[in-house]
Amino acid sequence: MIIQAVLLVHFLLPAQIAASQSSPEAAKLLQSATDAENRGDLEQTIADLRKAVELTPWSAIVLLKLGDAYMRKQDYGEAIPPLKRAAVLSPGSLPAHRSLGYALLSQGYAMEAIPHLEIARESGALGIAQLQTDQPEEAVINLKNALAQNPDDPDLIYYLAKAAAALSSELNERLLAKFPQSARGHQALGQSYYSAKMFLEAEKEYEKAIALRPDLPGLHLELGEIYAASSRWTQAEEQFRSEAKAQPGSAEVAYRLGDALLQEGKMKEAAEELSRSDSLRPDMPETLYALGRALAISDPNAAERALDRVIAVEKQSPLAAQAHLLLAGAHRRQGKPELAARDMEEYKLIHNATSKPEP
Amino acid sequence: MMRICLLSLLFSLCAISPTPRPSPEPRFKLSPAHGIDFVLRNSPTPRKYLIETMPGGVALLDYNNDGLLDIFLVNAGHVADPLLSPVNFDRHDPSYWNRLYRQNKDGTFTDVTVQAGLQNAGDTNYGMGVAVGDYDNDGFPDIYVTNFGRNLLYHNNGDGTFTDVTTKAGVGAGGWSTSAGFFDYDNDGHLDLFVTRYLDWTPEKSKTCGRIAEPMYCPPGEFGPATSILYHNRGNGTFEDVSAASGISAKPGHGLGVAFSDYDGDGFTDIFVANDAIEQFLWHNNGNGTFTEVAFNSGAALSSTGKKLSGMGVVFQDYDNDGLPDLIVTQLPHEPYGVFHNDGKGSFSAQELESGIGALSGNSSGWGIGLEDFDNDGWKDVFIVQGHVFDNVHSYDSSLSYREPPLLALNRNGHFEKGEPGSNLPVVGRGAAFGDLNNDGWVDGVTTSLGERPQLYLNRGGKSHWIAITLRGNRSNRDGYGARVQVNGQVRFATASGSYLSSNDKRLHFGLGSMDTCGIEIRWPSGIRQELRGVKADKFMTIEESEQ
Chain Z
1 MIIQAVLLVH FLLPAQIAAS QSSPEAAKLL QSATDAENRG DLEQTIADLR
51 KAVELTPWSA IVLLKLGDAY MRKQDYGEAI PPLKRAAVLS PGSLPAHRSL
101 GYALLSQGYA MEAIPHLEIA RESGALGIAQ LQTDQPEEAV INLKNALAQN
151 PDDPDLIYYL AKAAAALSSE LNERLLAKFP QSARGHQALG QSYYSAKMFL
201 EAEKEYEKAI ALRPDLPGLH LELGEIYAAS SRWTQAEEQF RSEAKAQPGS
251 AEVAYRLGDA LLQEGKMKEA AEELSRSDSL RPDMPETLYA LGRALAISDP
301 NAAERALDRV IAVEKQSPLA AQAHLLLAGA HRRQGKPELA ARDMEEYKLI
351 HNATSKPEP
Chain L
1001 MMRICLLSLL FSLCAISPTP RPSPEPRFKL SPAHGIDFVL RNSPTPRKYL
1051 IETMPGGVAL LDYNNDGLLD IFLVNAGHVA DPLLSPVNFD RHDPSYWNRL
1101 YRQNKDGTFT DVTVQAGLQN AGDTNYGMGV AVGDYDNDGF PDIYVTNFGR
1151 NLLYHNNGDG TFTDVTTKAG VGAGGWSTSA GFFDYDNDGH LDLFVTRYLD
1201 WTPEKSKTCG RIAEPMYCPP GEFGPATSIL YHNRGNGTFE DVSAASGISA
1251 KPGHGLGVAF SDYDGDGFTD IFVANDAIEQ FLWHNNGNGT FTEVAFNSGA
1301 ALSSTGKKLS GMGVVFQDYD NDGLPDLIVT QLPHEPYGVF HNDGKGSFSA
1351 QELESGIGAL SGNSSGWGIG LEDFDNDGWK DVFIVQGHVF DNVHSYDSSL
1401 SYREPPLLAL NRNGHFEKGE PGSNLPVVGR GAAFGDLNND GWVDGVTTSL
1451 GERPQLYLNR GGKSHWIAIT LRGNRSNRDG YGARVQVNGQ VRFATASGSY
1501 LSSNDKRLHF GLGSMDTCGI EIRWPSGIRQ ELRGVKADKF MTIEESEQ
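These protein sequence lines map, in sequence, to chains Z and L.
Its first residue numbered 1, the first sequence is counted upward by one per residue in my numbering.
Its first residue numbered 1001, the second sequence is counted upward by one per residue in my numbering.
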C-alpha cells in the first residue's frame, strides 16, 4: 500500500520536465513512454525509457522515470541501478531517494535503504527498515509518526505492533540481564514473544519462569495457550491440568482444559470438564458451545440443550451461527430434516449478517 | 510372611501401573527409487506466481499390463521472470518433461518417456495433475494430464506407446486445471471425465501479496473462481462437454481435489470437489445426466465450527466400516483436516475431532492423501503428504514450516492415532498415489515434493492377511470404476481418483487381519450383483463382471 502511493506521486512527474533535459530524439521517446504508460503498456514504457536513458545517461529525471516504471512492474531488482544513478546525479532529489529507498527495502537491503529513506523523510518505510535492522526503538518512533499521517494503513499498524513487540522484548531482555532470576521477567518476555507470534521463543521463556516459580498462578495457563495457538493440544492439556490443580475454582481454566480435551478428540473427558466450567460460571457462551460440540455425536439431546443456551445468550453473534450449524447436524442425525433445514437457514442469516468481507 | 507381603505388594503395583504401549513400528521404509531421476521443477520466482506452488501429480498404473505398477510423474515447467504472454514454460527442455517409468522385475525403474511418446507436454502448458482410466475399454490404461494451459489425453496403444488424442477427443479444457478423474456418471459402460479447475488466473492477473520485503503468494480470494468441466464419453473415442447441461458449470469454485463415490447408494456415482477457502462441493448425481450441488444442506460444506476449509486433497471412502463412504479433506494449518462422516440418508456430520484426525493435523498443511489399509488390520489408515504453500511461512508464523514430514494416522476401530511413517524427512509435499508397488500384499506410496525427486514409501509388511481385486467390467466400464466392493464387511468404492492431482493403483486392496478367507460382494455400475464365498486370502485376483 505504501509503495503504490509513492509510485502514484512519482508518475505525476510531467514528461515535459524530463523532456527539457533531453535531446529531441529522447524527448520523442519520453512522449512515447508516457503514451504507453497511459495505455497501461508497461513493457513498452520501459523499452522507450531504456532507449531514452541510453541517449541521455546524464538525466536524473529520465533515470528516475525508468526506475519508477520498473517499480510499477514490481521489478524492484531492475529498478535499483537507474535509481542509484539518479540519486548520485541529483543528490538533492527527494523522489530519487524515496524510490531507491523503497526498492532497496523491498529487495531486503534494509540497512542500505535507511539513508535514502531518511533523506526522503519517509518515516513509514524508514521504521520498517529500522525494525528489520534491529532498531526497534527508532522504528517505533518513525512508525508512530507515519501512522499519525495514515491512521488506517494496515501495513503500518502491523509493523508498529511488531516494532512495539520487538522493543518490549528488548526491554525485557535488559530487565532479565539485570535480574535473571525474575520469573515475572521471563513471563513478560514470553508475553512479548507470544504477541509477536514467536511461539518457540515464548515457550522457552515460560519454561524458565515455571522452573523458577512453578506455583505462580497464570504461568501454566499462558504456556498452555501458546501450545494451543500452535495446535499442540497434548502439551496444552498438560499445562492446563497443572493450572487447574493450582486454580481448581477457575471457570476459565476448566474451559481451557475442556477445550484442549475436545481438540484432542477426548469427547467424554471434555464434556465433564466443560460441565464443571459451566457450573463454576454459568452461561459463558464459549463454554456452552464447546460443551455442545463435545456432546454433539454422543448425546444430541444434551448437546441441543447446551447450544440452545448459547443462542439464548448470544442471539445474533457468529457463535450463535455456529451453534445453529451444530444443531442442524444434530437434527439431521436425529432424522429431523425440517429442524435441520431451519437451523441451516438461521445459520446462513446470522453468518451473512455478521461475517466480515474477506481480505 | 514377609515374602508374601512383598509379592502381594509387587502384584498390586503391577495391577495399577498402566501397561506401557509399544511405540509404533515404522510402517514404511523410505526407499531409493532406482532408475528414477525425475525432479519436480516448479521454478519458483520472487514474483510469487501462484501456479509455482501448486504442482504436481503422480500416477501408479500398469501401462503395459505386465502385472507391475509403473509410475507417471507430472512435471511443471520453467517460469520466466517476468512471465509474459504468450507464455513459454520451456517444456521442450527434457528437464521439464513429464516422465513415465516402467517397473522392471527386480523393482528398479526404466525411463520409457521417449519410447512411449510422452515427452514434451507443450511449451505453453505448466503441468499439474494426472488421471488414469481405460476410456475406450481396450484393456490398456490411458493417461489424462492437467495443466495450466491445455490438458492432454494420451491414448495407450497397447504396444508400449501412447498417442496424443486430445484434439480428436475434445478434452483440452483450458484455463487452470488441477485434479481430474475418470468415472462413469451415467452407467453406460464408458468412462466419462471430470476436470476441476482452480482459479481465473493468468500471468497478467497475477499479484503479489504479503508485506514489503516479505512478499508471498496471494490467497485464492484475490482471483476469480473457475468452473469444473464434465466430459461425457460418447463411446467412439470422443467426448462432449456437458458441463452446462449437467449443471456442473452453474457453480464455479476453487477446485483442487476431486473424488468419486456413491454416497447415498442410489447406484449413481457422485462427485466431491475439494475447494480452497470456500465451501466444499458435493455434486449429487440425479441419475438423469444432471447434478445438484448439495454440500451445504448435507453437512459436507463446512467444518464443524462453520469454517471454510482450504480444501486441497480428498478421499471418499468408508473409514469406519459402516459401509458408507466418508470424506477426508486435507487443508492448510490452524484448522484440522476435514472429516465428514456419512451418517446415512444423504447426510454428513463434520467429525474431525471425534475421528482423531483433528488432534493430528491442526498445525500442518496437507495435500495428497490416501485412505488405505496400510497395516492390513481391516481398518483403512490415512497417509498425508504435507508442506505449506508459502516458502516464507516461518517469517509470518514461527509455529509453521514450509517443509513438513508426512502424516501416518493408523485407524483403530474407526479412530485415528498417530503412526510412525518410517521417515520424518521434511519436504514440500504435494502429490501422492498409493498402490502395491512390489506386489507383496502391502500398500506402498509414492509422493511428490516441490523441487525434489519423488519419495517412495515401501511398506515394511507384516503377518496379516489381505486380498487385492482387479475388476473387469463387461456391461460396466472395463475398469469397473463405480463398483461397490464389500469384503468381510469392509467396503471400497472402485476408483483410481482421490488424493491431490494424482491417480492410485486401480486394484482394490483389503486387509483381512487374521482371516485367511473372505467373502466378496460386488455391485457393478450396471446394477449386476456378484458374490463369492470362501475366497482364499493373500492373493491378487481378477473378477470379471458376470452376465447377470
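The hints are simulated quantities; they were obtained by calculation from the structure and are not laboratory data.
Where is the CB? At the ideal position from N, CA and C, for every residue including glycine.
Do not take every clue at face value.
[Unchecked claim] Here are the computed distance ranges between Cβ atoms for each label pair:
| hint | chain 1 | residue 1 | chain 2 | residue 2 | range |
| --- | --- | --- | --- | --- | --- |
| 1 | L | ALA1080 | Z | LEU349 | 19 to 27 Å |
| 2 | L | ALA1080 | Z | ALA211 | 51 to 59 Å |
| 3 | Z | LYS73 | L | ARG1234 | 44 to 52 Å |
| 4 | Z | THR234 | L | GLY1158 | 31 to 39 Å |
| 5 | L | PHE1540 | Z | SER317 | 38 to 46 Å |
| 6 | Z | ASN352 | L | ASP1538 | 51 to 59 Å |
| 7 | Z | LYS73 | L | ASP1440 | 37 to 45 Å |
| 8 | Z | THR234 | L | ASN1439 | 48 to 56 Å |
| 9 | Z | GLN235 | L | GLY1462 | 54 to 62 Å |
| 10 | L | ALA1080 | Z | SER317 | 48 to 56 Å |
Hints versus structure:
1. ALA1080(L) x LEU349(Z): 19 to 27 Å: At roughly 48 Å between Cβ atoms, LEU349(Z) and ALA1080(L) fall outside 19 to 27 Å, so the hint is violated.
2. ALA1080(L) x ALA211(Z): 51 to 59 Å: holds, 54 Å
3. LYS73(Z) x ARG1234(L): 44 to 52 Å: holds, 47 Å
4. THR234(Z) x GLY1158(L): 31 to 39 Å: violated, 54 Å
5. PHE1540(L) x SER317(Z): 38 to 46 Å: violated, 57 Å
6. ASN352(Z) x ASP1538(L): 51 to 59 Å: holds, 56 Å
7. LYS73(Z) x ASP1440(L): 37 to 45 Å: Violated - the Cβ-Cβ distance for LYS73(Z) and ASP1440(L), about 55 Å, lies outside 37 to 45 Å.
8. THR234(Z) x ASN1439(L): 48 to 56 Å: violated, 39 Å
9. GLN235(Z) x GLY1462(L): 54 to 62 Å: violated, 32 Å
10. ALA1080(L) x SER317(Z): 48 to 56 Å: holds, 49 Å
Going down the numbered hints, you'll see the structure goes against 1, 4, 5, 7, 8, 9, while the others check out.
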